[in-house]
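Asks: Residue numbers (my numbering), protein chains in the order written: chain F, 1 to 549; chain X, 1 to 98.
Honestly, the hints are just simulated from the structure, not real lab data. Heads up, a few of these hints could be off.
What the hints assert, rightly or not - Here are the simulated SDA-like cross-link-like pairs (lysine to any residue), alpha carbons at most 25 Å apart as the crow flies:
# : chain 1 : residue 1 : chain 2 : residue 2
1 : X       : Lys70     : F       : Gly478
2 : F       : Lys97     : X       : Gln58
3 : F       : Lys37     : X       : Val24
For clarity, every value in this text was computed on a predicted model and none was experimentally measured.
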Amino acid sequence: MYRYDHYDQAMVDARVAEFRDQCARRLSGELTEDQFKPLRLMNGLYLQLHAYMLRVAIPYGTLSGAQMRMLAQVARKYDRGYGHFTTRQNIQYNWIKLEDAGTILAELATVEMHAIQTSGNCIRNISSDQYAGAAADEVADPRVWAELIRQWSSFHPEFSYLPRKFKIAVIAANEDRAAMKLHDIGLQVVRNDAGELGCAVYVGGGMGRTPMVGPLIREFVGADALMTYLEACLRVYNRYGRRDNIYKARIKILVHDLGPDEYRRQVEEEFAQLRAAPGGGIDPPAAEWDRIAAHFAPPPFQASFADDEPDLADPDFRVWLSQNVQAHKQPGYAIATISLKPVGGIPGDASAEQMDLIADLAERLSFDEVRVTHAQNLVLPHVPKRELYALWQALDAAGLATSNLDLVSDIIACPGLDYCSLANARSIPVAQRIAERFADMDRQRDLGELKIKISGCINACGHHHAGHIGILGVDRKGVENYQLLLGGSGAEDASLGKITGPGFDEAGIVDAVERTVEAYRRLRADSSERFLDTYRRVGMQPFKEAIYG
Amino acid sequence: MKLLTGNDLASGAVVWWTGSDWSVHLEEAADVGEHAEEIMAVEEAARRVNTPYAVDAQATPNGPRPSHIKDRIRALGPTVRPDLSLPKADRAAGSWVI
Numbered sequence: 001m002y003r004y005d006h007y008d009q010a011m012v013d014a015r016v017a018e019f020r021d022q023c024a025r026r027l028s029g030e031l032t033e034d035q036f037k038p039l040r041l042m043n044g045l046y047l048q049l050h051a052y053m054l055r056v057a058i059p060y061g062t063l064s065g066a067q068m069r070m071l072a073q074v075a076r077k078y079d080r081g082y083g084h085f086t087t088r089q090n091i092q093y094n095w096i097k098l099e100d101a102g103t104i105l106a107e108l109a110t111v112e113m114h115a116i117q118t119s120g121n122c123i124r125n126i127s128s129d130q131y132a133g134a135a136a137d138e139v140a141d142p143r144v145w146a147e148l149i150r151q152w153s154s155f156h157p158e159f160s161y162l163p164r165k166f167k168i169a170v171i172a173a174n175e176d177r178a179a180m181k182l183h184d185i186g187l188q189v190v191r192n193d194a195g196e197l198g199c200a201v202y203v204g205g206g207m208g209r210t211p212m213v214g215p216l217i218r219e220f221v222g223a224d225a226l227m228t229y230l231e232a233c234l235r236v237y238n239r240y241g242r243r244d245n246i247y248k249a250r251i252k253i254l255v256h257d258l259g260p261d262e263y264r265r266q267v268e269e270e271f272a273q274l275r276a277a278p279g280g281g282i283d284p285p286a287a288e289w290d291r292i293a294a295h296f297a298p299p300p301f302q303a304s305f306a307d308d309e310p311d312l313a314d315p316d317f318r319v320w321l322s323q324n325v326q327a328h329k330q331p332g333y334a335i336a337t338i339s340l341k342p343v344g345g346i347p348g349d350a351s352a353e354q355m356d357l358i359a360d361l362a363e364r365l366s367f368d369e370v371r372v373t374h375a376q377n378l379v380l381p382h383v384p385k386r387e388l389y390a391l392w393q394a395l396d397a398a399g400l401a402t403s404n405l406d407l408v409s410d411i412i413a414c415p416g417l418d419y420c421s422l423a424n425a426r427s428i429p430v431a432q433r434i435a436e437r438f439a440d441m442d443r444q445r446d447l448g449e450l451k452i453k454i455s456g457c458i459n460a461c462g463h464h465h466a467g468h469i470g471i472l473g474v475d476r477k478g479v480e481n482y483q484l485l486l487g488g489s490g491a492e493d494a495s496l497g498k499i500t501g502p503g504f505d506e507a508g509i510v511d512a513v514e515r516t517v518e519a520y521r522r523l524r525a526d527s528s529e530r531f532l533d534t535y536r537r538v539g540m541q542p543f544k545e546a547i548y549g
Numbered sequence: 001m002k003l004l005t006g007n008d009l010a011s012g013a014v015v016w017w018t019g020s021d022w023s024v025h026l027e028e029a030a031d032v033g034e035h036a037e038e039i040m041a042v043e044e045a046a047r048r049v050n051t052p053y054a055v056d057a058q059a060t061p062n063g064p065r066p067s068h069i070k071d072r073i074r075a076l077g078p079t080v081r082p083d084l085s086l087p088k089a090d091r092a093a094g095s096w097v098i
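Construct the entire structure; sequences and hints are all you get.
Replies: Structure follows, in structure tokens:
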């Protein structure tokens, strides 16, 4: 994985010193809250319902064991013993003291981590496929591209005050595991007819109050021109994005209002100007690509493990293996997902002890790598098959072996009104009640892939628009109310869910989800037809009849 | 009744105006009547509280209760972590929040 060079470390250390001084000036009264707020947000420090919240960046969701152990240390020393992994592959701490913020960032910097650009109207953490470097279906490791974009976007002087926040995702497989088309810019690394690597560029996707699936703006941009093309995409947005209206300020509104063809024309014009300038654009030389790519070279897999298979004697292990373990491109190895969705638990939360354990397991069994998924789970990407049973035993002992990847209880939920000052309703208790209702594992497995996603407000941090079943919490005259949506997808078949009808109270939404699921069981062509495919085949009406009677 | 609440500048903890100071305990909150603005101005200037605001509340035999669910959750802590609530680990303490 990528290691900081002198410039990376110097930039982060300088920012830590600067922010430590800004915190001291706020505590002394030299800075007012109005003066301090934009400064703390640039460093990921929010003021939420109960305390300050610190969002720490996890670039493209990749962590080393040492970094995971540091996250555990922060949870233990400065928070209340746990952290929350988010839908943007980051981690949030909910109980941070302002007086500790500078020290926390200094400790994170010792393991090449920071909270820079995890808030504010700038280019945020670059997200990617959690199976990068391990997936059999990828054409390249997307993290090389994501890391180059991270370097380009960090402290980019022209793009530090965009009209609104800006999120980029990079994948390199046809199966989209990163909700790529629901980002401001989504990139898919592909090969052209000549066999050259480049990117298909989607611009103007997003969720929030105006959800949109990003249109394809360019089929192919070569690796030698990608950064210049991204610069052009951002320049057009920075110039014409709606700074007068926060609700219309995201790039998706600009692309929609101009139309993809006109936006593309303007980007191409800007791109041509940049390429015509001395130097031919901003793309780095091949040597810099090679330098970054070397950090993501495959680990030293053992060819002699190729024929290994795990011992399948334990029936519980077999269930976990079939549900949470994916094929690896290297024979003899596997990708193991650690569910952070135990029945009745809080989606995405992990205790300091669990984080320490996962750090140990990553170091021992996965070439020192952990991944964070946008579905709020963790992944050990390179596990020898011969070690899978030992891994499962260790996870099971720590409450981390829930066998529910992509099943009905593998629910995405934002922090909601339990933690978030923007929320209108609680998300977590709804996720807990649904998971409890469907706790029976045989029932879950019979239902198959079924992605439920819950947001506590229209900002859609819980990706409710992209849920096969989506739930949106709203405030109805001071009382929590939940709207139900069907038919969304964040995958390669991206689509936006549609609202079924009138909303429900907390108990009612759980019943409504169960009626929806039972309708699916009756309507599906056979047990292999997914919920989403049944919905797309039969439409909303039979589900509405089942939900509302 | 009206209560005054905010977050402690240094710790970020939710605090309530008692009439003379700030407390993390809602039960100690005082009715500020029409004086919220002047108290906020003084307290913010003294850096004793961050982003204070006034909320509607009802008086009950067990103490004041904010009208809006968001402020009731702020008063007690996350409903999904009763072990982090005030008073600590008292599951019954949250019965009035929702």
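Asks: Can you name, in rising order, the numbers of the hints this structure does not satisfy?
Replies: The structure breaks only hint 2.
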